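Work the whole structure out from these sequences, hints included.
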Amino acid sequence: MWGLDRLSAHPTPAGTPPPRRDSASPAPRRLYPGDRPAPLPLRPGLNPRSSSLSLISPLSSTTSLPSTAHAANGSQRRRPNGAVPLHLPDPLHVLESIMGAPPRNPVSVQASQIGVIPDKPDHLDTHVDFGGRGLLDFAADEAPEPVSSPIHTYSARSIEEFDKEKEKFQDLHQSILACDEVLKSVETYLTNFQADLGAVSAEIESLQNRSIALNTKLENRKVVEKILAPSVEDVSISPQVVRRIAEGPIDEGFLRALSELDKRSKTIASKSNSQTELKALSDIKPLLADLTNRATERIRDYIVAQIKAIRSPSINAQIIQQQAFLKYKDLYAFIAKHQPELASQICQAYVYTMRWYYLNHFTRYKTSLERLKVHVMDKYDVLGEDPTSKRTGTLLGPARGGPPASYDAFSLGRRIDTLKSTSVNALPAHIAEDEKAAHHLETPFRSFNLALIDNACFEYTFLTSYFSPGQTHHAIGRTFAAIFEPTFALGQVFTKMLVENSTDTLGILLCVRLNQHFAFELQRRKVPAVEGYINATNMLLWPRFQKILDLHCTSLQKFTSSLPTRPSTGVTLLGSQSANSTAPTPLTQRFANLLQGVLALSSEAGDDEPVSVSVGRLRSASSGAETENRWARNNMIERRSPHQVGKEIAKGINNGNIKFFDKHLSMFPVDLMYGYYTLDKPQNRLDVTIVEASAITEDGGIIPGASVGASPELIQMADKIIIEVNTAAPSFEGLHDITMTDLPPRRKPYLIMSPEDRIGTPHIPVDPERVVAIVESDYPDQTQPNAPEDDTSRAIASNLIEFLKHEVNHGRLPSNLLPVQSGIGNIANAVIGGLASGGANFKNLKVWTEVLQDSFLDLFDSGNLDFATATSIRFSPDGFQRFYKNWDQYAPKLLLRSQQVSNSPEIIRRLGVIGMNTPVEVDIYAHANSTCVMGSRMLNGLGGSADFLRSAKYSIMHTPSTRPSKTDPTGVSCIVPMCTHIDQTEHDLDVIVTEQGLADVRGLSPRERARVIIKKCAHPDYQPILEDYFNKAEFECLRKGWGHEPHLLWNSFDMHKHLNEKGTMKLPSWDWRSSEEGMAASKSKL
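Sequential numbering from 52 applies to the sequence shown in our numbering.
Treat the hints with care, since some could be wrong.
Stated by the list, open to error - Label pairs and their calculated CB-CB ranges:
#1 Val696 <-> Gly1114: 23 to 33 Å
#2 Pro813 <-> Ser913: 24 to 34 Å
#3 Lys1017 <-> Lys710: 29 to 39 Å
Unchecked claim - Here are the simulated lysine-lysine pairs, DSS-like style, with alpha carbons at most 30 Å apart:
#4 Lys336 <-> Lys388
#5 Lys1004 <-> Lys714
#6 Lys771 <-> Lys698
These are computed hints drawn from the structure, not numbers from a lab. Model, not experiment: these values are computed from the prediction. Beta carbons: idealized from backbone N, C-alpha and C, even for Gly.
Here it is in structure tokens:
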């Protein structure tokens, strides 16, 4: 097909097309200006490359499509331009055949005729019927036959000839016009066709653009899909998971489906917490809920079926636990997470089932072991008993008759093999039932407890592995206890049956060692829940062991006491078969065998066991109480802090056997929490704490008794806790306000504005896992009666009460005073007693103190005391009875607090406490010594006196002016030139009171204080001695320019030295020395 470029007047070869800037498209590329001339004018808006029509053939056309515009290699195919096809006739010949040949000679034409166009005929036939023929064919049919003569032979015709053929030419003209019209219609058709081709090309290009756009969208969607796919997956769940959970078997695939469900549920839950509510979430939530419920239902049915299977006869529960429970332990975790109540019910069903399972099986096993023949040793098998009195051996078991049993009750022999055996198997029940040989009691004891320990360890491990997602460690311990409680009780009954009437010393000690091995095994397996059973078993074995030794001792005492009067009774034990025999007596052999057996079984025992004491008792037949004073007397206490009252402890401190560390009571608990006293311990913790309790709450909290002290901090810091429940006193529940100590920087203030304010709990919280023993006792508090009031204490109380009245009258105290603190001793009792009577007339009093004594009960009874709080009650025995008898009267007005709170300087200062304490001595400048006699010998310790005296509104020291020495009733002055030891400084004290008077030293300089204290407080026998010292010291120090607080260092302790040498502080005269003279005297003595 030919293009329009072939009709160009000046054809030019096609140049190289410009580079393409558009994307690949099936539409033909655009022709740019300059590529080639357009043969036809284009309509507006048409694409110049759309289509063209060859004028050579009206039926032929060309279209610039890619298939024809480009070669395979992308280059444009070059075509020759202007070549005429050979099979077509020459147009000139065609015209000559129609019109005739032109004249050979030129014909002159008038100028007027040039350019004249003939008139258009009146009638033109616009409808020419071509008959389906082409223009050439139609012209050939209409034209006359050509003249055979050559064209150039025609001669010029005249005008007349042309006139004759005018019509012919007119017809030709009309035909030509008709052809023009036809050509116009063809042109219009071709033009429309070209426009259609352009539209198609535009559509193709549009399709190409849409394809590009679709590709772009596809890529974008792929990117978006990559980003959104996880989010979409998070809010959907696959049908396979649904089908697996709803209908699939319980296997690993079910667990994976549960995991997928949990994962989706977590994701949905986290997305639901956001503020934006998505429809996808609301759509899938019901499905997840239904699926979770379905999973829960199926898991419930599965677990219940397994629990029921355990109740089947002859079933091994451990197989079910391993293959059905532990293998699919995530099932219970799923229920515990989604249905905690149902999980609790399932756990309870399991507990009931296993409780029955173990109790049933161990009851049967106990019955089998009871059929064993066991040697029974009774009251005749003791050291001092005549062996002939026991006629035959006795067997415990179904066949108690028969020949005498051959055994030695005092020889260990091969019985120790039971302890050394490495076998981990218990005696099977069927063998125990059929066993004919006799055994000692350790054999059934070992078999029963070995089986019990193994099963308990497995069960605890199972509970920890299976129920741990839904239960805490403590809850699992309680679950274990609920399962094994009756079985443990059965074991204790079995052990008690074996030992309660037995005198088999070695057998019971063997059981003790076996029990210790079981305890070590439990520690190795990390099963603490069975320690209670082990301890309970020890509580059965050790007392029985000691009681048997008591029987041995009693038998020996009876034996030796009967020898002088009945020598025949000792023939069997002390006699020998031959007079010349050197063999030990039977009694000696008995004792040696028994001692050897006990020592062999105790070769690896600790020093804390009662074996050594029991053996000592066996040797000396004596015993004594082990109290704290005895520990001190036997050098069993290495270190003590911070306060003590025992005489033996004080003796041990002062002779250097006990390391005593004194500390303010308010600082001791927090220093303990800091780890200052346990720097050599791991994590600075205490090993063991023994704490007294009056009761224990249901959740394990300790209700202290008459004292709280530092118990909360000791419990916090101890790895092991032993609780002594003292039933000698009623429960103090509700009488305590317990606070635990916080460490910086999280420490909070104590928000107490009045003594009756509560800020804590009524009990001390305790971690049950650290409680290793609970011991019950019924010993009342061993307190001493208070020293009775005397004239001196009453005079001190009177002076102090007058001072308080003076302060009230001057407006420095309210009429009901401020909270009162009082120390211990007869002076403190007299002061408090004076507030209860003696015309003090102080009403609505309140007390904030450390210790309460008997006089506070009098103050309660007087109606003057509204409320009292302390950390300890130290009533006399009669006072305690009075307190318990009138509990309902006193308890609502009393509160016991932690030592950290009762002695808190913060609260003492806030409440404006009136602090009153008794010192050892006070010097003339108002320094006080509360702890050390002669500066060296420790009494009880600092206690809490300084806590109050440093922070109280009124810091008062009351003391007698003198105390008796061994040779002089007033041989010791409590007012001295200088204290030999200082606990409270001059900066702490406001008032010093003796029976001589009261010295108010507030706002006074040291020399003013000295004059007032000597004048108002010193005993008349010592006033001149003290005045001489002060005057001399003042003179010497002022002369040297040292006169702020005058002292003569070489004479300040002369009164104390005279007491040591002469038994009294009453110096006949002062031996004044200068510092140089004193130094020389010291060197001469050295």
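Requested in this report: Taking the numbered hints from earlier one at a time, note which ones the structure violates and give those numbers from smallest to largest.
Outcome: Violated hints: none; all satisfied.
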